[in-house]
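Going down the list, the sequences are from chains A and B. To convert, note that position 160 of the first sequence is 160 in my numbering; the numbers rise steadily by one, no gaps. Add 253 to a position in the second sequence, counting from 1, and you land on the number used in my numbering.
You can take every hint at face value.
Some, not all, of what chain A presents toward chain B, calculated at C-beta under 8 Å: (1) PRO82; (2) GLN83; (3) LEU99; (4) ALA100; (5) ASN102; (6) LEU103; (7) ALA107; (8) LEU111; (9) GLY112; (10) GLU114; (11) VAL116; (12) PRO123; (13) PHE124.
Pulled a few chain A residues facing chain B out of the computed Cβ check, cut under 7 Å: (14) ALA98; (15) ASP101; (16) ILE125.
Just so you know, these hints were derived from the structure itself, not from any lab. Glycine included, C-beta positions come from ideal geometry on N, C-alpha and C.
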Amino acid sequence: MGETDSGPSPSPLLEAERVSKRFGGVHALREVSLLLHAGEVLALAGDNGAGKSTLIKIISGVHHADGGSLRYLGKEIKFDNPQQARDCGIETIYQDLALADNLDVGANVFLGREPVRRIFGLPFIDRRLMREEAEKTLRALDIHIHRLSNPIRSLSGGQRQSVAIGRAIHWKARVLIMDEPTAALGVPEQRKVMELITNLKANGVGIVFISHNLIDIFQVSDRIMVLRRGTKVGEVRTSETNPDEIVRLMVGG
Amino acid sequence: MPDSISSRTFSVLTFFSDDYGSSPNVRKQIRWLDLLAAFRAWLFLAILLITFEIWAHVEYDSTFFLNPFNVKSIAIFTVTPLLLGLGQTFVIISGGIDLSVGFTMGLSAVVTAHVFNWGTQFGSPVLSLALAVLAGLGIAVVPGLINGLLIADLRVPPFIGTLGMYGVARGVAFLLARGTTVPVQNGLLGAIGNGEIAGFPNLVLLTIAILLVMHYLLSQTRYGQHIYAIGGNVNAALRAGINVRNNTIALYILSSVTAGCAGILYTAKFSAGAAQAGEPVLLDSIAAVVIGGASLFGGSGTVIGTVIGALIIAVIQYGLVFVNVEPFWQFVAVGVVIIISVLVDQIQKGVGKDG
Chain A
1 MGETDSGPSP SPLLEAERVS KRFGGVHALR EVSLLLHAGE VLALAGDNGA
51 GKSTLIKIIS GVHHADGGSL RYLGKEIKFD NPQQARDCGI ETIYQDLALA
101 DNLDVGANVF LGREPVRRIF GLPFIDRRLM REEAEKTLRA LDIHIHRLSN
151 PIRSLSGGQR QSVAIGRAIH WKARVLIMDE PTAALGVPEQ RKVMELITNL
201 KANGVGIVFI SHNLIDIFQV SDRIMVLRRG TKVGEVRTSE TNPDEIVRLM
251 VGG
Chain B
254 MPDSISSRTF SVLTFFSDDY GSSPNVRKQI RWLDLLAAFR AWLFLAILLI
304 TFEIWAHVEY DSTFFLNPFN VKSIAIFTVT PLLLGLGQTF VIISGGIDLS
354 VGFTMGLSAV VTAHVFNWGT QFGSPVLSLA LAVLAGLGIA VVPGLINGLL
404 IADLRVPPFI GTLGMYGVAR GVAFLLARGT TVPVQNGLLG AIGNGEIAGF
454 PNLVLLTIAI LLVMHYLLSQ TRYGQHIYAI GGNVNAALRA GINVRNNTIA
504 LYILSSVTAG CAGILYTAKF SAGAAQAGEP VLLDSIAAVV IGGASLFGGS
554 GTVIGTVIGA LIIAVIQYGL VFVNVEPFWQ FVAVGVVIII SVLVDQIQKG
604 VGKDG
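The following block holds chain B by itself, in its conformation from the complex (with noise of 0.2 Å):
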């Protein structure tokens, strides 16, 4: 990969083979596990394919991942996950965390739901729809703007602030939905959250569009170096001359307005907003980001290193449902991989310094 965050995992191997020289043997050792930690969440994710397509042979006689349907399900599986953690991998590169996306979801969700039967009142279900989309994303920027300013200005902790703001956000959310679900009233936003274009859901399609730009952004701009450079060292950054104020404002609002796109497409797949949409998923967000190779210590993780997470978390939810486990092992299996990755990132580190 061209960009040098990604090479990080090769750096060891470097500085002994320049320096010292160490033995071929431990330079062996060290490439191995250099290769292992760099492709362990696309390594986790043959091994799960591998195993549910032998599982699905097995038990069912049939395939699992030749499948389209199965192919199809796990990708619309993958897009909340997905969504809330492309904000969060943002915002954990920095060094932070934000702990109120699921329910931003929710407000977001209940907020696009109300606007578009509120809209539907002036006869154009297109209209309706524009300005239930605009006020989803308008709802999700106060939260991130709130969390930003406690972060950046006030210098609240990214966990304390975000807490404080995931039970502003759930209260708020259930208040507009009055503790109930908000069905929508015209068809055209359940159209689209269900339609297809030439076989692939729209939400996929959407879905694939914002991480093409989140990946662009992190990335390929300066803004994207910057969060690097404000979660590897936030004292080299503000003697560089960067403004991390206003970048990790920006960070928390773009985080906020992920999950807000995330709670627009829950509405319409389901036709009506729920506070609680995102709650069960914000730790799998977190938990995306991990097993994609970031450190919660800030400074590294990729966009794609969290699209192969959501998918890993997809594939073990949905696959263990097809080979009919019982779904409590989900829970297991998730954590199970979250803390092998974890290891494996220690590991190498370990091997790195001692060696």
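Pulled out of the complex, with its shape left as it was, chain A reads as follows (with noise of 0.2 Å):
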């Protein structure tokens, strides 16, 4: 691959080197690599089965690689579990959202971090800051929610969506993995996530995006990789490339 042909910054943010993965006898990928600058979307495209989402478990910590090198920042990176990248700064944003429908945005963005203030001694949690803080977080990726202090099962697909990536941001997330963010919401919110994504990348978020939807991959990515049965088959920039083209790299046509 070439090094110097995109990206804002001039060293790479995440890098994968000929990573493999096998599954008793499945080779799941075959030595794929990857790139990924800050302020970049790169889509994994592929058709079911084609290894997008054990590249990405791999990223995040939840699947061993059988060969080949992660770097983060320059350096050789190895997750024993997902906490760990996240505490690096890679955050995964699943399709299930992972999120406590019963609690509020606050809840929610500190979920499990939970900031407490002392009075006589004994630990309060402190919701206003909470709540002031993922306010704060998501005035700045322009997400607006009335009532921050309602439980999110009221907000909708693309609100919830919203919460999601912005406790990823709240935590200084700066590589942003995102599986098909847009599957299951109404063509409006669709809109929204992928203005939503626009904004972080111009505030300097690398993120890999996988999506079904070859529209969405048209509008907001930089790169396109496409990955049939665990290999990589191509990886076009956006600019240069047709949905026709793609498609015909997915399906091996």
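Fit the two chains together into the complex; they arrive one by one in their own frames, and the hints show the way.
Set out below in structure tokens:
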């Protein structure tokens, strides 16, 4: 892969080199390499079973690669679990979003890391701080949710997606991996999430974006990487390709 | 109320007004239902008190609620179902259930009585009281710990695990009591159990202290917040780095220990420990939690709600006796309240979905 071809920053945020993964006799991934710069959106395209999920699970610490290496900010990394990846600033937003529907926006953004203030030595959860911080983060991303103190089950799909993204950003994610972020959304909501991705990009976040939807891919991505049966079959700059070519790569025509 | 969970019932309203702007009529209807659902337990309690008040005036030309003796009796009536219900509240919010609390209470009651009697040989009733309380609490930890390990580590469904512990605690409690009640030989325990401070029964004061601690734990600490998260979406809790295993074990120990407190107070009140002390109260404790607004699917519920739920049950039970209705109607009345309470919840959620 050409190194100097894309991205606003000179050194890559995230690099995967010839990563392989087998599950029993199945080669889920064969020597796939990936490059992600700050402020760049890389779309992963491919049919079901092409290895997209395996690849992002290796990056996010869920799976271990059998071969190859990962580098993050120039340093070689090896994650034992997703928590370590998250602590480094690599956040993954899965389709189910991992939100607690019964809690409000602030509580979800701070889930597991709730701030506490002490009154007479006793710890009290600082709900106001959580709400204010969550609001600040969301506002910076141009997300507007009224009544932040409502449980998020009352939010729309797009708003929930925004909360999940906001949480990642609040905890200083530099790499955001999004698995089908628009799959469960209506059209206006899809557009909002696309805007949000553009916005994150402008803020220097590197995004790996999995989608079946070629319209979405062409709308927000800078580069498209196509996987087929665990192998990288193509990587093209979005501005230099068209949906037909991507489909041809995906199905191997 | 400041905490985020208690405001959940207002969510439907905001959703529609923010995003889609439904007609004002629908909105008004939803607001009305939300209010009804949020305050249904308080409403039930008020209706019951007014009903019994009128009933007492018409039938006996006397007052029900304004009589301090009645108030005190109801408060004492509330103690056991409330204590069992407090631990149960935590467990139910996490998405579980604890069927073993009734006999854990009995086990604690019996052990407290035995240890108190054994301790009197040292000549100091205060020492034997301290030993008895420690033993009563200590023994309660055991079923809770086993429940927690079964559920958190061995993935036994809470209903089954605690049902097994229901049997074990029941058997052990009766074995320790040798099938009978264990009378307490020294008067100190009974004096405390039936004593008052400034007109307030000690039992009630102790229960209020425990419920304040539980309310604080649930609504103000990270631990409480994590219980809501576990009940709301256990995968989200896990991915957020919450130690679901340890929290779950702590939950069932907490539930057992509050049941143990109920057992100790029982022995103090009756100057005797009985294995069956908590048996009839188990379902009342679950009813109190549900009437108080918790969902058996987990994720919602409050200590205050459970307090109101337990009061409702106590008012029904005491009130029907007071107006001289056959006691079996109590079961009918409590059952009806449970069903109405859940129906209000369903209707409110249903309107939210369809509207």
